[in-house]
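Enquirer: Chains as they are written, first to last, in the numbering used here: chain A, 1 to 199; chain B, 1 to 199.
These are calculated hints, taken from the structure and not from any lab test.
Heads up, none of these hints are tricks.
Copies of the same chain look alike in the list, so a pair counts if it works inside one copy or between any two.
DSS-like, lysine-lysine: derived pairs with alpha carbons at most 27 Å apart:
no., residue 1, residue 2
1, Lys-96, Lys-16
2, Lys-23, Lys-96
3, Lys-75, Lys-162
4, Lys-16, Lys-89
5, Lys-23, Lys-98
6, Lys-16, Lys-45
7, Lys-98, Lys-138
8, Lys-23, Lys-45
Source: prediction; values computed, not measured.
Protein chains: 2
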Amino acid sequence: MQYPEPIAQLIDSYMKLPGIGAKTAARLAFYTVSMDGDDVTNFAKALIAAKRDLHYCSICGNLTEEDPCLICKDKSRDQSTILVVEESKDIISMEKMKEYHGLYHVLHGVLSPIEGTGPEDINISSLLTRLQKNDEVKEVIVATNASTEGEATAMYLSRLIKPAGIKVTRLAHGLSVGADIDYADEMTLYKAVEGRTEI
Amino acid sequence: MQYPEPIAQLIDSYMKLPGIGAKTAARLAFYTVSMDGDDVTNFAKALIAAKRDLHYCSICGNLTEEDPCLICKDKSRDQSTILVVEESKDIISMEKMKEYHGLYHVLHGVLSPIEGTGPEDINISSLLTRLQKNDEVKEVIVATNASTEGEATAMYLSRLIKPAGIKVTRLAHGLSVGADIDYADEMTLYKAVEGRTEI
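Just chain A, same shape as in the assembly:
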């Protein structure tokens, strides 16, 4: 016996999402049938609307309804700093912090020789164009993830941008706030000691 056709189709769709395998997709599909009709309709509408109404900002690559995005448009923001992130959603995390008031640039990925992602596959060339066009920029903060690929991308950007006389910085490594020392891995601990600050 097979799944009824509508369920099979829905399972296929759920399985296209990252981190969702056959078992979870089946669970979600059966759950969907038991959901409130309006919720399902809204879900379908939200999918269509998100795909239709959102675009990448032509300046920074951020996900936005209008182009340029609200951050690029906002002239009250510090125009001398660009913070480079891997994904649009990282901007949300940074903005939640409420302490950064400069501009952003979204790479949409990281350099990864293993996955065959080279500099031309991510949003680097438009960053260089931005820096060339705009001599207000004094600092590029590379906020890629603390993974091997994130580090490699940061180093690559640094070598590319520094010769133009622009300061390139990287987020600090160290203990998470509230973290126990005996739970920290050795590399994090080493970085925390190396980057110690006077009190």
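Fit chain B to the known structure of chain A by using the hints.
Expert: Using the frame of chain A, we list chain B on its own:
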């Protein structure tokens, strides 16, 4: 800064699914925007179709496009046995086994005093009606999950059905096939010893 409205709406919808929290929902929503347009459209259509075209079989409670469902309609199946499951998707698992050829009954839940689910909240009365109407049924196999609630529901059904002279059985407990004894919990091991078979 907030999420753009279409993303916020999609996150809300993803969060209505079981086991998906705010972080995962955001990840899925951003991923959706990067998906192929046709895949997103198909996803939305599948959601609507599943909700619109699937109903519960009026006889057994299985999820089906036509009423009665294909299993209830199939007169070549063994009409003397009804296997009782918690959810429609359990029927798929049973059918994949290809060794059971009787009928099914879906409870759509289990008795759970903690969650306030009583006998009238799950699909029990229609099972009793089926048994009264149809004296062909000789055995009811209770295949609820091996949880406390599943066991309690099995006991409840047994007390209800046995007086009518119908045999009530429960799936065997024991080691999973291929399982290591030292990974089995004590209760499973106890059940495996208790239910030992001669070789």
